[in-house]
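Participant: Here's the letter readout for the chains.
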Amino acid sequence: DGGITQSPKYLFRKEGQNVTLSCEQNLNHDAMYWYRQDPGQGLRLIYYSQIVNDFQKGDIAEGYSVSREKKESFPLTVTSAQKNPTAFYLCASSGGAGTGELFFGEGSRLTVL
Amino acid sequence: SQQGEEDPQALSIQEGENATMNCSYKTSINNLQWYRQNSGRGLVHLILIRSNEREKHSGRLRVTLDTSKKSSSLLITASRAADTASYFCATVLIQGAQKLVFGQGTRLTINP
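Top line first, the protein sequences correspond to chains R and W. Counting from 1, one number per residue, gives the positions in the first sequence under this note's numbering. Counting from 1001, one number per residue, gives the positions in the second sequence under this note's numbering.
You may find that some hints are simply not true.
Said to hold, decoys possible - Not the full set, but computed from the structure, chain R residues with beta-carbon under 7 angstroms of chain W:
id : residue
1  : Tyr10
2  : Gln41
3  : Gly42
4  : Leu43
5  : Tyr48
6  : Glu72
7  : Leu90
8  : Glu101
9  : Gly105
10 : Gly107
Hints are computed from structural coordinates only; laboratory data are not their basis. Beta carbons: idealized from backbone N, C-alpha and C, even for Gly.
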């Protein structure tokens, strides 16, 4: 079945460690996105990529990094520079130019110990 | 601040009743979308309404858009316990990068 797969679903990290969240899609979508969601809040855009080998910062990119070496994959690294990384992270993709429907993964919950 | 603001933040109704959620936004949009999120899960797209449309239906969902008031509403008719979720509006701005900007959501609880 086509869809977006995020892994791991739960992740624990010690302060000062970098962690990488995986996002893979088999929908043949050009655009991919990373959002952060805090409890009881909406989604805030971290990074997005409209095409392979290109990505742009969203509204809260500080302390995060991404790569887009393959169309199917858009991993997010949460670096030690991110001061408050505990959150729910959602990856999404879109077949259009970013103006159409987003398809979301099931999310990754990161907890910093 | 967020482009979209949902109202109310939380809504609790009895099964069978209709649920109405509102979304207001600040700047001109290309389209507006509604999404649903079950607790701890990803978001699921419900409906998209373009800036030149005023009303759209999908099953028990009815969405309206008033661009003069910069507002939209989502109506769920004959609610069911399974409709319990958070509902988010998201807008695509005309100016700037073509990306979705989400509101903070309405938490809907349907009581059996």
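Participant: Need the list of violated hint numbers for this structure, in ascending order.
Facilitator: Per hint list: 1, 6 violated.
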